[in-house]
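> Given these sequences and hints, build the entire structure.
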Amino acid sequence: MSTISTHTISGVPILEGRDLQVMRGGSQILDVGRFSLSKGEVLSLIGPNGAGKTTLLMTLCYLTKAFRGNIFFKGKRVGEEYPVREYRKSVAMIFQEPLLFNTTVLENVASGLKFHKVKKSSIEGIVDENLQRFGISHLKDRSARTLSGGEAQRVNLARVFALNPDILFLDEPFSALDPPTRESLIGDLEEILRKSRTTTLFATHDRIEALRLSDRVAVMNDGKILQMGYPEEVMNCPANEFVASFVGVEMILRGRVLKERDGALVASVAGHEIEAVGNYLPDEHVILCIRPENVTLSNNFSGAQTSARNIFPGVIEKITSLGLYYKVDMDCGFPLVAYVTKHSLESMSLGAGKKIEASFKATAVHVLKAKG
Amino acid sequence: MELIFEGIKKAFILIFTLDPEVMGITFLSLKVSGIATSISLLIGISVGTAVALSEFPGKKIVVSLINTGMGLPPVVVGLFVSILIWRNGPLGFLGLLYTPTAMIIAQTIIATPIVMGITVAAMQQLPKKLRLQILALGATRTQMVWRLIKEARLPLLAAVMAGFGGVISEIGASIMVGGNIKGYSRVLTTATVMETGRGNFDVAIALSIILLLLAYAINLILTHIQQRERPR
Chain A
1 MSTISTHTIS GVPILEGRDL QVMRGGSQIL DVGRFSLSKG EVLSLIGPNG
51 AGKTTLLMTL CYLTKAFRGN IFFKGKRVGE EYPVREYRKS VAMIFQEPLL
101 FNTTVLENVA SGLKFHKVKK SSIEGIVDEN LQRFGISHLK DRSARTLSGG
151 EAQRVNLARV FALNPDILFL DEPFSALDPP TRESLIGDLE EILRKSRTTT
201 LFATHDRIEA LRLSDRVAVM NDGKILQMGY PEEVMNCPAN EFVASFVGVE
251 MILRGRVLKE RDGALVASVA GHEIEAVGNY LPDEHVILCI RPENVTLSNN
301 FSGAQTSARN IFPGVIEKIT SLGLYYKVDM DCGFPLVAYV TKHSLESMSL
351 GAGKKIEASF KATAVHVLKA KG
Chain B
1001 MELIFEGIKK AFILIFTLDP EVMGITFLSL KVSGIATSIS LLIGISVGTA
1051 VALSEFPGKK IVVSLINTGM GLPPVVVGLF VSILIWRNGP LGFLGLLYTP
1101 TAMIIAQTII ATPIVMGITV AAMQQLPKKL RLQILALGAT RTQMVWRLIK
1151 EARLPLLAAV MAGFGGVISE IGASIMVGGN IKGYSRVLTT ATVMETGRGN
1201 FDVAIALSII LLLLAYAINL ILTHIQQRER PR
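Keeping their order, the protein sequence lines are chains A and B.
For the record, in the first sequence the residue sitting at position 265 is 265 according to the working numbering, with numbers rising by one throughout.
Take any residue in the second sequence, note its place counting from 1, add 1000, and you have its number in the working numbering.
Don't read these hints as lab results, they were simulated from the structure.
Since we're looking at a predicted model, the values are computed, not measured.
Be aware that one or more of the hints could be misleading.
[As the list claims (entries may be wrong)] Have a look at the derived ranges for each label pair, beta carbon to beta carbon: (1) B:L1094 / A:K76: 27 to 37 Å; (2) B:F1012 / A:D128: 11 to 21 Å; (3) A:V277 / B:W1146: 52 to 62 Å; (4) B:R1228 / A:S121: 53 to 63 Å.
[Unchecked claim] Result set (BS3-like, lysine-lysine): computed pairs, CA atoms no more than 27 Å apart in a straight line: (5) A:K342 / B:K1129; (6) A:K224 / A:K117; (7) B:K1150 / A:K65; (8) B:K1059 / A:K117; (9) B:K1128 / A:K65; (10) A:K114 / B:K1150; (11) A:K224 / A:K39; (12) A:K89 / A:K195; (13) B:K1129 / A:K65; (14) B:K1059 / A:K65; (15) A:K224 / B:K1128; (16) B:K1150 / A:K89; (17) A:K114 / B:K1128; (18) A:K120 / B:K1150; (19) A:K114 / B:K1129; (20) A:K195 / A:K119; (21) B:K1059 / A:K140; (22) B:K1150 / A:K119; (23) B:K1150 / A:K140; (24) A:K117 / A:K89.
All residues carry an ideal CB built from backbone N, CA and C; glycine is no exception.
So this is what it looks like as structure tokens:
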């Protein structure tokens, strides 16, 4: 948790939306009562297609033609205490498709600066810096029409980062890219956001992207925000069925890498050591994801030999029926969830309060780098 | 055969010796059509852009009217302008009949719908989200429109070519409102008609060659710009 709290201490949120409503064709496509972003935080907006993510981003960016509600920037009401024109120059947004101009890469990255009437003498330096940031200096004089999808999206990102906006809105910037291209671009963006500390609202339908890049996540559907909070809160305690089904059922644990041992890493989670596979350095903050179907329960305490590297004694807190199988919530010093069949439930006579031993293999743990 | 050969020979002599009358006619043609095209670009691009970018009831009707105007017969325009500026017509007091100004007005009316129609098509073929993207980079509405025009510059060059090509080779309106007055309102097309009628084929051929060369040169320049802009 310590990694998050540093971003969210400031009192007045940099951006706040109140009672934002957008109607289209007689139906309400956006209805968000309260929404806020703290300075320097990265918030992921996740939800299926048509959930209203783009509409919310566009509304907050003042690009939606007709909307109801108020937007506060640094505590001032945009349009009243804060001029719309100035606000629009403080924020920037990019869409799923790169939408580059039919000119050179250099001119594309410079275009936003020209809109902002930045002095000509300083434009070139800013452009070079941002081309370098995204590793595309060699494309400088190329026509934007000749770029690959990944290169074009890098130019697109360089173009908004060149503006050094107070708030950045990214609308699914990676969804049109193939997996390797996407992977390398996410890695770079992660690094750049970490360094620049740009306040970012990032829409995606990929929860792994959301986990990697953000401090907080918000889940949207039908134009409404269903839940907003730290990733592990939303993923582990989904507010309702929709959120649960959308964010998936993995358990999310936060930890810190202690050491690497025999090809596996050891991470400390709430004082317990969990072994996993992954290339992370000691002291790095990581997120460990474990699927409940990979957690095995046992009655014999550390008796039988097993290949599972992680064995934790714990107490069952709650058992919930999920139809064909049961969900077992345990406290092992950290929350852990297992799925068991009805047969196992009966033969092991599991019940709330019973002491058991939970185990899972190091290879069953999905390790992600935590924002920090 | 000899008639043609002699005609071509004499034509080249007229061109290369920079015959004052031929040069005067050429210069007036360029001036009248150049001014008319410039005015039509101004009106056509701005109105065309406004129509393409805004949503209003009846937009389809307006666009179809503009497209119909692209095929406006010059003779009809000539008749219409003639009636307006006729000595006792509604604008007769301006004394514009048989003046180069009247020719510019007529040619502008011919070229404007051509430029406007191509502009509407060019602007509508740009991705709709491009406008949002430009605004999302902090552009004002004026900057946005300007950027869009720049994005559509290649098809807009086609508008310049079509507009200029349409008026420099036009004759019906020019002869009706300009009157083909020697040394005053005589342009390449009207002079060619007159010289042919008189049997002065050498002069007519010289004027035609100049007209062809002009059309070719202007299109060559514009095509060159257009091709250079192409990626790869």
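> All the hints need checking, so say for each whether the structure fits it.
Results for each hint:
no. : hint                         : verdict
1   : B:L1094 / A:K76: 27 to 37 Å  : violated, 57 Å
2   : B:F1012 / A:D128: 11 to 21 Å : violated, 56 Å
3   : A:V277 / B:W1146: 52 to 62 Å : holds, 55 Å
4   : B:R1228 / A:S121: 53 to 63 Å : violated, 28 Å
5   : A:K342 / B:K1129             : violated, 53 Å
6   : A:K224 / A:K117              : violated, 37 Å
7   : B:K1150 / A:K65              : holds, 24 Å
8   : B:K1059 / A:K117             : violated, 34 Å
9   : B:K1128 / A:K65              : holds, 14 Å
10  : A:K114 / B:K1150             : holds, 14 Å
11  : A:K224 / A:K39               : holds, 23 Å
12  : A:K89 / A:K195               : holds, 22 Å
13  : B:K1129 / A:K65              : holds, 14 Å
14  : B:K1059 / A:K65              : holds, 19 Å
15  : A:K224 / B:K1128             : holds, 26 Å
16  : B:K1150 / A:K89              : holds, 22 Å
17  : A:K114 / B:K1128             : holds, 22 Å
18  : A:K120 / B:K1150             : holds, 19 Å
19  : A:K114 / B:K1129             : holds, 20 Å
20  : A:K195 / A:K119              : holds, 25 Å
21  : B:K1059 / A:K140             : violated, 41 Å
22  : B:K1150 / A:K119             : holds, 21 Å
23  : B:K1150 / A:K140             : holds, 20 Å
24  : A:K117 / A:K89               : holds, 10 Å
In the structure shown, a violation is registered for the earlier hints numbered 1, 2, 4, 5, 6, 8 and 21, in ascending order.
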